[in-house]
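Undergrad: Heads up: the protein sequence lines correspond to chains A and B, in order. Just so we're aligned, residue 13 is where the first sequence starts under the numbering used here, counting upward by one. Just so we're aligned, residue 13 is where the second sequence starts under the numbering used here, counting upward by one.
Since the hints were derived computationally from the structure, they do not count as laboratory data. Certain hints may be false.
It does not matter which identical chain is used: a pair holds within one copy or between any two.
[Unchecked claim] Straight-line Cα separation of at most 20 Å, SDA-like style, residue types lysine to any residue; simulated pairs: (1) Lys262 to Glu352; (2) Lys128 to Glu197; (3) Lys409 to Ala393; (4) Lys168 to Thr441; (5) Lys168 to Met101; (6) Lys262 to Gln424; (7) Lys409 to Asp90; (8) Lys255 to Met101; (9) Lys262 to Arg334; (10) Lys255 to Asp111; (11) Lys135 to Gly380; (12) Lys159 to Val93; (13) Lys135 to Gly199.
2 protein chains.
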Amino acid sequence: MSFSPILASTVTTWHSETDVVVLGFGGAGACAAIEAHDNGARVAIFEAASAAGGSTALSSAELYLGGGTEVQKACGYDDTVDAMYGYLMDANGPQADADKVRAYAEGSADHLAWLKSLGVPFKNSEYVERAMMAPTDDCLLYTGSEKAWPYVERYKPAPRGHNLEVKGDHGGPLFMKLMAEAVAEHGIDTHFDARALRLIVDDSRRVVGVVVRMDMQSHYIRAERGVILCCGGFVMNEAMVAKYAPDLTKATTPIGNPNDTGAGIQMGLSVGAAAINMHEGFVSLPYYPPASLTYGILINAQGQRFINEDAYHGRVGAFLLRQDLPVYFVMTIDDYGDYETASYLSAPIAGTGETLEELAEELNLPQGALAATVADYNSAAAAAVDPLFHKSAEWLKPLEGALVALDCSPGQGAFFPYFTLGGLDTLPTGEVLDFQGDVISGLYAAGRTACGVPRRGDGYASGTSVGDATFSGRRAGRAAAQQLESN
Amino acid sequence: MSFSPILASTVTTWHSETDVVVLGFGGAGACAAIEAHDNGARVAIFEAASAAGGSTALSSAELYLGGGTEVQKACGYDDTVDAMYGYLMDANGPQADADKVRAYAEGSADHLAWLKSLGVPFKNSEYVERAMMAPTDDCLLYTGSEKAWPYVERYKPAPRGHNLEVKGDHGGPLFMKLMAEAVAEHGIDTHFDARALRLIVDDSRRVVGVVVRMDMQSHYIRAERGVILCCGGFVMNEAMVAKYAPDLTKATTPIGNPNDTGAGIQMGLSVGAAAINMHEGFVSLPYYPPASLTYGILINAQGQRFINEDAYHGRVGAFLLRQDLPVYFVMTIDDYGDYETASYLSAPIAGTGETLEELAEELNLPQGALAATVADYNSAAAAAVDPLFHKSAEWLKPLEGALVALDCSPGQGAFFPYFTLGGLDTLPTGEVLDFQGDVISGLYAAGRTACGVPRRGDGYASGTSVGDATFSGRRAGRAAAQQLESN
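Pulled out of the complex, with its shape left as it was, chain A reads as follows (with noise of 0.2 Å):
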C-alpha cells in the first residue's frame, strides 16, 4: 500500500469534478461536508466503508460543549467561555492549542444549536450519578475532571458533556443516522466502499484531487478547492501505534472502527504535513459504574494511594500506567456492590478479607503499607478532608469491615481501552501545516486525522472527541468552500 501523492499532469482520466472533496463520513466528514455546501461549494464525500459512521457511530456521542449552552442554561448551570476555556487549557498541558480552544469555548454553544437544528435531540435535563455515559435519555453529565482536584480550585466546574436524547448508550448510531439523513436532505454526492490512498497535487504542490478506489477501479476525483481529510486516527494500525504511540502498547483495546488504520494522516504526510502529538493517547481505566467503587482506593506496588480516586476514568488510567505493578482497586465488600454486572472493568479479584490484616496477606504488598495507606484514608474520611490527594468529601468513607482488592495491573484481566490523541497540524481553520508551519494548499482535516483540542490522556474528558471532530470538521468544512488559506 502505498500513500505516495500524483501529479496532477500525470493524470490523463479524470472520473469526475467537484469543490470540496471529503474523505471519510464519520462525525467529522459528515458535518464538513454539509458546511462546505452551506458555503457555496459542490461537495462529495468518500467513505472506505459500507455505510456512514466512522467511529462517531460507535461511540456515545457525547459531545463536550459549554460556556454557557442552552442545556447548561435550562438545567441552573452558568458556565462561561473562561471557565471552560481554562479548564480545557490546563488538562491538556503544555501541548493545549491555545487558538483551538478558544474557538471551540466560544463557539460551542452555537455549537450546539446547529446541531439541534439538524434534528439531533437533547434534553434539557441532566444525569446526576457518576457515570461514563448517560444511560438514561438525560442530556448533561460531567464527563472529565472539573469536580475533581486540582481542577475544581481553579475554574468554576459544569457538567460539558452533552448527551443526545436517547435512552441507553444509543447516542452515536443515532448522531450518524442524523448526520447521514442530513447530508441526503443536503443533496450532498455520497460514495462508500470506496477507499482514498493518493492524493494528487499540482505543480506548486497545491492538493487538487484524490485518487479513490471505487468498484476496484482507481477513480481519479478532481477537487476544485480542496480535499478535507476525516478518516480518523491511527489505533487499529498496530504499526502506526508502535512506532509513534509506544506508550499505549500497555493499554489493552483499541477503540475505533476498523477504518482508523491512520490512512488520512498518512496521506498528509505524503505531501509533506507534519504530524504533531503522535505519542498521546487516551486510555482508561473504566471503573465506573458502579459509582460506588469510587469510595475505594487504587494503590500501587509501594501500597501507596496515586491519585485522587473521584477523578475521570481516563486521568486514572493515565496515572496508572505510571506505576509501579500490582496496582489494586481496594474497597468495601458493599462498594463492591453490583461490580460484577455493572462493571466493564473486568478486573479479577486479586484477594479478600474479612478484615484488613487478611487482605494485606492475600496481596503482594510490602509489610505494613497496606495498613498505613488505609489508617491513612481512613483518618482523612473521618475528618472529611483527604490531606494527600484531595479526593472529594463526597467520595470519602472509611474502608472496615469486609473488603475486596480487584488487581488492575495492565495484562492481568482488566479492560484498558484506549484511542490516539495524535494528528496532522493544523490551523483552528482546518488548513493542514506543513513541518515548516506553512499551509498546504488545498489540504484540510479534521476529526482525529487532525491533532485538535483534546491532547493528553491525563486530562482527557468525554465528550471532546466527538465535540472537536464536528466543531473542527465544520470549519475546514467552511474553510475549504471558501478556499480559505492563511498564508
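Place chain B on chain A using the hints.
TA: Only chain B this time, still in chain A's reference frame:
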C-alpha cells in the same frame, strides 16, 4: 528559512562534487567521514560553526560501551553482549529498536578498539565513586541504573561508561580535537561556517546533493553516493520543542550546541522522512556529586517517596517530573556535606530542623506525611532492605538528627538540564526511512539527527549519546560509501 528541497534538474552550476557529503562535524559527523573515507569514498564535511566540535565537544564524551571491552576486562568485569543488550532494551522501553541495540551491543568492544586506533586514550582503570562523570583520568564508571532496582535483578551489572584518559570533565574537547586531527590526517575535505539548509533531489527523489551557504553564497554540492545528516538534535529550537516534546518545557536548561536547531531533522522531513520518538527527552536532576545525597530521600507533594534514590540521575529526573509538586530532597546535615560547592543542582534549601518535627513544620506537607515516610525509611535502613523502592542497602541510612530539605520542584531554582531523544527514523545502517518505512535513496542520518539507541528519559544512561553518535556515524559512513540501499 526554508528547508524545501531543490530539484537537481534546476541546478545550473554545481560548485563541487564528491562521493559522500557529511553535514555536521561533531562526534557523529567525524566518525561518518572517517569511515566513509576508509570505505573508498571521497568525502566532504560541511559544518555550520567555525570549528569542529558539535555537542560532543561540549559533553564529557563518555561512551557507553560494553559486552566485554578491553577496559572492562582489564578491570575484572566479565560483561556480556546479552547483559548489555538486555539492559538497554529494558531501559529504553517499548520503543527500543532491537536491531540497533543488538548491533550496538555486539559492536561495542570493537568500537572502543577503533577509537583507540585513532589515538583516543582510555586508561584500564575504574572510578568507583557514584558520580555523573569521572573527575579523574580513570575510565570505567557506572553511568546508568545498572546497579539499581529493577535492573539489578534482571541483568548482571557492569560499568559501561568509558571516560577518556584526561583529568576533570574535559573528555569532550579532547575527543573532538583528536577526531578533527584524524579527519585531517585522512585528507578529508572540510568546510566551516558552511550551513546546509536544502537537500537536492533528482526526479526519482533520490538525494543527490545539498545547498550550502558559504561566504554568503549558495553552493550547490553534488554527492554521488549520499548525504549524511549529522546535524544534532533540536533542543535549541524552542518552537520545535514546544511542538514535539512539550513535557520537556518543564525542565530548565537545554543542553547542546547552538546549532542543535533541528535543521537536519527538518531537511529529512522536507524529503518525506519520518521523525519518530519526538516527544522523548533526557531530563536530569543532577544531585550527585556529592554522592552522599544519595543517602537522602526524594518526596512528592504527598510526602511519599517515589523512586529508589540510587537510580541514575536522569531516571530520577524523569520520575520527578511526573509528581505533584512540591518535591523535596531530604537528607541529614552530615550528608548535605559539601553540597553547596560540589553540586550542580542549585536547588534552594526549603527547610531545616534539629529534629524531624522541626523540619516538617517548615515544609508545606500534609500533617504526619513526612514523619510516616521517614519512619518507614528508617525501618528499611535498620533492616538494610527497602521493601518499597528497593534502594540498595549500600545507600540506606537512617534520617536522624539535624535534617535539611532542598526544594527540587521545577521552577524553584533547581537545575534541570535536558536534551531531545527523537529524530529521523533510520535503519541500523543509517539509511533514512520515509513514513511508509521505505528507504529514501541517498540519505543517511546519525547521532541525534536520527532516533538511535537512547529512547527514553526514564531509562537513559550517560554515554549512550556519544556512544550512539559515534557508532551510528560510522555505520552511516560505511553505508553511504558503499551506496547501500536496503530496499
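Undergrad: Are the hints correct? Go through all of them and say.
TA: These are the hints, each one checked on the structure:
no.	hint	in the structure
1	Lys262 to Glu352	neither (24 Å within a copy, 42 Å between copies)
2	Lys128 to Glu197	within (15 Å within a copy, 76 Å between copies)
3	Lys409 to Ala393	within (5 Å within a copy, 34 Å between copies)
4	Lys168 to Thr441	neither (29 Å within a copy, 55 Å between copies)
5	Lys168 to Met101	within (14 Å within a copy, 45 Å between copies)
6	Lys262 to Gln424	within (11 Å within a copy, 34 Å between copies)
7	Lys409 to Asp90	neither (31 Å within a copy, 56 Å between copies)
8	Lys255 to Met101	between (27 Å within a copy, 15 Å between copies)
9	Lys262 to Arg334	both (10 Å within a copy, 18 Å between copies)
10	Lys255 to Asp111	between (29 Å within a copy, 14 Å between copies)
11	Lys135 to Gly380	neither (51 Å within a copy, 49 Å between copies)
12	Lys159 to Val93	within (17 Å within a copy, 52 Å between copies)
13	Lys135 to Gly199	neither (29 Å within a copy, 79 Å between copies)
The structure fails to meet hints 1, 4, 7, 11, 13 from the earlier list, while all remaining hints are met.
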